[in-house]
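Residue numbers (the numbering used here), protein chains in the order written: chain B, 1 to 140; chain G, 1 to 140; chain S, 1 to 140.
No lab work stands behind these hints, which were simulated from the structure alone. The beta-carbon is built from N, C-alpha and C at its ideal position, and this holds for glycine as well. Among these hints, one or two may not hold up.
For each label pair, taking beta carbons as the anchor points, the in silico distance ranges come out as [what the hints assert, rightly or not]:
| no. | chain 1 | residue 1 | chain 2 | residue 2 | range |
| --- | --- | --- | --- | --- | --- |
| 1 | B | GLY4 | S | GLY44 | 46 to 54 Å |
| 2 | G | VAL124 | S | VAL124 | 16 to 24 Å |
| 3 | B | PRO46 | G | PHE22 | 44 to 52 Å |
| 4 | B | VAL38 | S | ALA19 | 26 to 34 Å |
| 5 | S | VAL124 | G | ILE79 | 34 to 42 Å |
| 6 | S | ASN77 | G | LEU20 | 31 to 39 Å |
| 7 | B | PRO46 | G | GLY4 | 50 to 58 Å |
| 8 | S | GLY4 | B | PRO46 | 48 to 56 Å |
| 9 | G | LEU16 | S | GLY78 | 35 to 43 Å |
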Amino acid sequence: MTIGYESLYSAIVTILVLALYFYMGSVVGRMRGRHNVVAPAVIGHPEFERSFRVHANTMEQLVLFLPLLWLATLLYNGIAWLPALFGLIFLIGRIVYMQIYMSDPQKRGPGILIGMVGVLGLLVLTIIGIVQVWSALSAT
Amino acid sequence: MTIGYESLYSAIVTILVLALYFYMGSVVGRMRGRHNVVAPAVIGHPEFERSFRVHANTMEQLVLFLPLLWLATLLYNGIAWLPALFGLIFLIGRIVYMQIYMSDPQKRGPGILIGMVGVLGLLVLTIIGIVQVWSALSAT
Amino acid sequence: MTIGYESLYSAIVTILVLALYFYMGSVVGRMRGRHNVVAPAVIGHPEFERSFRVHANTMEQLVLFLPLLWLATLLYNGIAWLPALFGLIFLIGRIVYMQIYMSDPQKRGPGILIGMVGVLGLLVLTIIGIVQVWSALSAT
Numbered sequence: 001m002t003i004g005y006e007s008l009y010s011a012i013v014t015i016l017v018l019a020l021y022f023y024m025g026s027v028v029g030r031m032r033g034r035h036n037v038v039a040p041a042v043i044g045h046p047e048f049e050r051s052f053r054v055h056a057n058t059m060e061q062l063v064l065f066l067p068l069l070w071l072a073t074l075l076y077n078g079i080a081w082l083p084a085l086f087g088l089i090f091l092i093g094r095i096v097y098m099q100i101y102m103s104d105p106q107k108r109g110p111g112i113l114i115g116m117v118g119v120l121g122l123l124v125l126t127i128i129g130i131v132q133v134w135s136a137l138s139a140t
Numbered sequence: 001m002t003i004g005y006e007s008l009y010s011a012i013v014t015i016l017v018l019a020l021y022f023y024m025g026s027v028v029g030r031m032r033g034r035h036n037v038v039a040p041a042v043i044g045h046p047e048f049e050r051s052f053r054v055h056a057n058t059m060e061q062l063v064l065f066l067p068l069l070w071l072a073t074l075l076y077n078g079i080a081w082l083p084a085l086f087g088l089i090f091l092i093g094r095i096v097y098m099q100i101y102m103s104d105p106q107k108r109g110p111g112i113l114i115g116m117v118g119v120l121g122l123l124v125l126t127i128i129g130i131v132q133v134w135s136a137l138s139a140t
Numbered sequence: 001m002t003i004g005y006e007s008l009y010s011a012i013v014t015i016l017v018l019a020l021y022f023y024m025g026s027v028v029g030r031m032r033g034r035h036n037v038v039a040p041a042v043i044g045h046p047e048f049e050r051s052f053r054v055h056a057n058t059m060e061q062l063v064l065f066l067p068l069l070w071l072a073t074l075l076y077n078g079i080a081w082l083p084a085l086f087g088l089i090f091l092i093g094r095i096v097y098m099q100i101y102m103s104d105p106q107k108r109g110p111g112i113l114i115g116m117v118g119v120l121g122l123l124v125l126t127i128i129g130i131v132q133v134w135s136a137l138s139a140t
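One chain only, chain B, in its complex shape (with noise of 0.2 Å):
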C-alpha cells in the first residue's frame, strides 16, 4: 500500500490526541487517589468527578472525530493537510475544554464548540471525497 502525506500528517494528529487523552485518563487516576474515591465508584469528589467527565467525554467525542479524520484522510483528495488541520483544531477545542471544565464545568461550551469545528470540518471533506470517489469510479 502506498502510503501518502496526507495519511502521514493525519497520523502525527491522531498520536497527539490520543496523547492529551491519555494524559486525561491519568488524571483521573491522580484524582481518584488524591480524593481517595475507591473504584470501582465514579462518584465522590467534585474534582475527581469533573476530572472523570473531561475524559469520558473526550472518548465520546473520539468515537466521533478518529473515524471522520480517517475518512476525509483516504476519500478527500485535495490538499494533503486539511484533514490534518481539522484534527488540530478538534485537539485545541479539547485542550481548552478541559481546562475549563476543570476549573467551572459551566462555562464548557467554548471547547465544545471548538472542537466541533474541527469533527464538521472533517465531516464536510468526507462527503466532498465520497462525491470526489464516486465521479472517479463512475467514469471508469
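Chains G and S: place on chain B using the hints.
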C-alpha cells in the same frame, strides 16, 4: 490507494451511524438543560438518565461495530454492498433501541438484538475475508 | 488494495480483543439480571459495578489501542507480526485486569500495566513507521 465501491458504501453507512450518534449526544445535552442536571453530574432525572444511557450504550456498541465494519469492508472480497447492508441493519437496530428505551427501558431487547445481527454479520464477513486473504497470500 | 500478512495478523488480534470486549459486555448484562439493577441505573450492587467498570475501562483503553494497532500495522515496515504481538500483550493485560478486578478492584494495577506495555509498544512502532514513511516520501 485505489478505493472501491465497497469502501464507498461503508463510508456512507459510517456517516449515517455517526450522525445518529451525534444526534443522541445532542439529546443528552437537551435533557441536561430541561431537567436541570448540572455537569459533572450524570444522574438525576429519569428522562435524562435514559438519554444518557442510550448515547453511552451506542458508544459501547460503536467500538465493536466500526472496526468490524471496516475489517469486513477491506478484507472480505465478494458482494460489494454486503458489509454496508449489515451496517444499515445495525443503524436500524440503534434507532429502534433509542425509540423504545426513551419510553420504556425494560423493553429495550429488540433494538439490541437487531443491532447484534448487524455486528455478527460483519464478524462472519471479516472471518471469511481473513481466510480469503490468507489463501491469496499463501498462493503467491 | 494489496493486503499483507501484517494486516492479517492484526485483524485476527482485533477480533480476539473485540470478542473479549463483547464478553465483558455480556457479563454486565448478566450481573444486571442477577442483582436486579434496573436500567438506566448503573450503580447498585458492588459485583454489578465491578463488571460495569471492567467493561467501561476496557472501552476507554480500546479507543487508545485500536487506532495505534492499525497505525503501527499500516505505517511500520519491519517484522510483520510485531504489531500483532503487542496486541496480544494488550489482550492478556485485559484478561488479567478483568480476572483481578472482579475479585478485588484494589489489586487491578498489574492488568493495567501489562495492557500499557502493549499500547506503548504500538506507539513506538507507529513513531518508527512515521519516520520510515517520511523518509521514503522525501527520497522520491
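Using the Cβ atoms, figure out if B:PRO46 sits within 44 to 52 Å of G:PHE22. violated (28 Å)
Honestly, do G:LEU16 and S:GLY78 meet the 35 to 43 Å range at C-beta? holds (38 Å)
Evaluate the given range 50 to 58 Å for the C-beta pair formed by B:PRO46 and G:GLY4. Holds: the Cβ-Cβ distance is about 51 Å, inside 50 to 58 Å.
Do the Cβ positions of S:GLY4 and B:PRO46 conform to the proposed distance bound of 48 to 56 Å? For S:GLY4 and B:PRO46 the Cβ distance comes to about 50 Å; the hint holds.
For G:VAL124 and S:VAL124, compare the CB-CB distance with the range 16 to 24 Å and indicate the outcome. Between G:VAL124 and S:VAL124, where Cβ atoms are some 34 Å apart, the hint is violated.
Could you say whether the range 34 to 42 Å given as a hint is met by the Cβ separation of S:VAL124 and G:ILE79? With a Cβ separation near 39 Å, S:VAL124 and G:ILE79 satisfy 34 to 42 Å, so the hint holds.
In this structure, is the beta-carbon distance linking B:GLY4 and S:GLY44 contained in 46 to 54 Å? holds (51 Å)
Range first: 26 to 34 Å. Now tell me if the beta carbons of B:VAL38 and S:ALA19 are that far apart. Between B:VAL38 and S:ALA19, where Cβ atoms are some 30 Å apart, the hint holds.
Quick check: does the Cβ-Cβ distance between S:ASN77 and G:LEU20 fall within 31 to 39 Å? holds (38 Å)
Hints 2 and 3 from the list above are not met by this structure, while the remaining hints are.
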